[in-house]
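For the record, the sequence lines run as chains A and B.
Take any residue in the first sequence, note its place counting from 1, add 31, and you have its number in this note's numbering.
No gaps in the numbering here: position 32 of the second sequence is 17 in this note's numbering, and each next residue is one more.
Hints were generated in silico from the structure; no laboratory data involved.
Remember, predicted model here, so these are calculated numbers, not experimental data.
Do not take every clue at face value.
Under the rule of at most 20 angstroms between Cα atoms (straight-line distance), these lysine to aspartate or glutamate pairs were calculated in the DMTMM-like manner [as the list claims (entries may be wrong)]: (1) A/Lys109 - B/Asp383; (2) A/Lys112 - B/Asp386; (3) B/Lys81 - B/Glu226.
The residues making up each chain are set out below.
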Amino acid sequence: MSEERKVVIELDQVKRYFQVGSETVKALRGVSFKIYEGEFVTIQGTSGSGKSTLLNQLGCLDTPTSGEYYLDGISVRKMSKNQRAHLRNKKIGFVFQNYNLLPNTTALENVELPLMYNTKFNARRRREAAREALEAVGLGDRINHKSNQMSGGQMQRVAIARALVNNPAVLLADEATGNLDTRTSFEMLVLFQELYQKGHTIIFVTHNPEIAEYASRNIMLRDGKIREDTQNTNIKSAAEALAALPKPQDD
Amino acid sequence: MNILNLFKVSLRAISSNKMRSFLSMLGIIIGVAAVIIMMAIGQGSKESIRKELSTMGTNLLTIRPGADMRGGVRQDPSAMQTLKPTDYETILAEKKYITKVSPEVNSAGQVIYGNNNTTTTAYGEAPDYIDIRQWEIEDGECFSEEDVKKAAKVCVIGKTVVTELFGEGADPVGKTIRFKSIPLRVIGVLKSKGYNSWGMDQDNLIIVPYTCVMKRIAAQTWFSSIICSAITEELSDQAIEEITEILRRTHKIKEGAVDDFTIRSQAEMMETMSTTMDTVTLILVVAAAFSLLVAGIGIMNIMLVSVTERTKEIGLRMAVGATGMVISLQFLIESVLISLTGGLLGILLGCCVSEFLVPAMGMPSSVPAWSIFVSFGVCVVIGVLFGYIPARKAANMDPIDAIRHE
Chain A
32 MSEERKVVIE LDQVKRYFQV GSETVKALRG VSFKIYEGEF VTIQGTSGSG KSTLLNQLGC
92 LDTPTSGEYY LDGISVRKMS KNQRAHLRNK KIGFVFQNYN LLPNTTALEN VELPLMYNTK
152 FNARRRREAA REALEAVGLG DRINHKSNQM SGGQMQRVAI ARALVNNPAV LLADEATGNL
212 DTRTSFEMLV LFQELYQKGH TIIFVTHNPE IAEYASRNIM LRDGKIREDT QNTNIKSAAE
272 ALAALPKPQD D
Chain B
-14 MNILNLFKVS LRAISSNKMR SFLSMLGIII GVAAVIIMMA IGQGSKESIR KELSTMGTNL
46 LTIRPGADMR GGVRQDPSAM QTLKPTDYET ILAEKKYITK VSPEVNSAGQ VIYGNNNTTT
106 TAYGEAPDYI DIRQWEIEDG ECFSEEDVKK AAKVCVIGKT VVTELFGEGA DPVGKTIRFK
166 SIPLRVIGVL KSKGYNSWGM DQDNLIIVPY TCVMKRIAAQ TWFSSIICSA ITEELSDQAI
226 EEITEILRRT HKIKEGAVDD FTIRSQAEMM ETMSTTMDTV TLILVVAAAF SLLVAGIGIM
286 NIMLVSVTER TKEIGLRMAV GATGMVISLQ FLIESVLISL TGGLLGILLG CCVSEFLVPA
346 MGMPSSVPAW SIFVSFGVCV VIGVLFGYIP ARKAANMDPI DAIRHE
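The following block holds chain A by itself, in its conformation from the complex:
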């Protein structure tokens, strides 16, 4: 991997301890890695490996007990709650396992949400950006559908569009296919691969080892430490895998 590429995420000996009663739980015991622009990284690990804690760190929802975290060159460790909120608003796009769309709200309004908290966007620019993001995830014809009128796959597409709308430095997906059936999961992977091709930096946190085969790099966590960090030279095509799936049976 050439060193001239831009570093989007840099973790330097990040530790995160929690005090539970009289015991100290060491969720992250010194994690260091760099993620470059345009990478598609999966972070894997069993439950209790520190996966979620790491995700919270990467998403600027939490700060390290010690160590440094630079997001797009900005040190996060000493940031206040409000500063991190603004940072998240500009640099991070979240995709959650259960979509987290606002109920009774159209796709367009859901996608507009992050821009609502950015004073630089007026109503018209917000609308345009949201429309573009929805077109990018293939929902250009469903912008006015309400969240409860959509399928799981469609809702997740809206969530991805919402994550993309602020043109973030990194797209953070937390078990983004966890609630979807196999077919729809592959459809999502196709979408993520498309975004990867377009140059988006993607971090996909999952416990499903299969997904690693479709990403460019795989980080394996165990007991709060990195056990493996491997480049994937043989990226599988999600589109092919989708085509190879048995056709859904007609009722």
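Use these hints to put chain B onto chain A, whose structure you have.
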């Protein structure tokens, strides 16, 4: 997020839970309506009493004998015999700030005409009395100074007496009635004034020259009171000083000793009445205001439920960049909107009830304009005050926990 968008978000939250929002509004609606109705009744009563008192003449002064101590026992003022004809004559002779004076001697008793009778009060007065009270004679005329001098057996009678003795609409002028067996010729009929706000029939009376009452009916040499009118309401104080000076002299009261009479002005009466009404209104309004407090707590309760219910939404908003401040503002606006909408509906309800229903029930009412503004302001304060705790709860949520909340 700008304020307009926050309003939109709050409006959507309220309208997606219409029933719940309406029920928490209901408390405010009832509270505000109650406050407005109470204020309207208070204000209305005050105005009607004021109007009534001012028709009696705002420049009216009443002199009554003061209560005296006899052997350590405080005497009933009405039993005092200290107001004498000389007092009246001196005031009449020396008056500067006073236009008209009339002594007053009352006697209650039965009045008879033919085979009809009724109970009434005979007021012994000077001819100026009618002018002082700003009454009008509808039919016939008032007795003259000449009649007073002769202690003439004539009278002016009220409408109730006419109806009781002669029947509705009859013309009693020239007829002779008997009051406590004294025959009195009716020379005039007073215009009807109806009941006053204390429920007293103001038409059940006969007015007789005071000399006639003193000599022929009650056989007394003193007055129960002297009433007079100051030149204007503003000159009442000077008039009171003037009378005080005259009466202290005629009563030979030593320097430093207490007056043996009291002078009350109509303005003072009005003041007293106003103060009393204000107190009553205040008590009513405070009682109504408590319902607003309860309504505020209701809103707080609903907002707390709403915040808990929307934990996930709050988590999401925080994850995509909402600061605690913006989140708290969102919920604060929501609670203010609920209480303000409730307030507006309450004002509407309160005004309708005070304008149409209360008068229909025969009570005076007048909505003071400021009560509307105050209610409006109070609603905003309630919204902020009781929305604060739920809003802070939302703002202090940890996005990590909130977003994974089930």
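*asked:* Between the alpha carbons of A/Lys112 and B/Asp386, is the straight-line distance 20 angstroms or under?
replied: Holds, at about 15 angstroms.
* Agreement of A/Lys109 and B/Asp383 with the hint, judged by alpha carbon distance not exceeding 20 angstroms -> holds (17 angstroms)
message = Hinted pair, alpha-carbon criterion (20 angstroms max): B/Lys81, B/Glu226. Please report holds or violated.
response = holds (11 angstroms)
Hint check: no violations occur; every hint is consistent with the structure.
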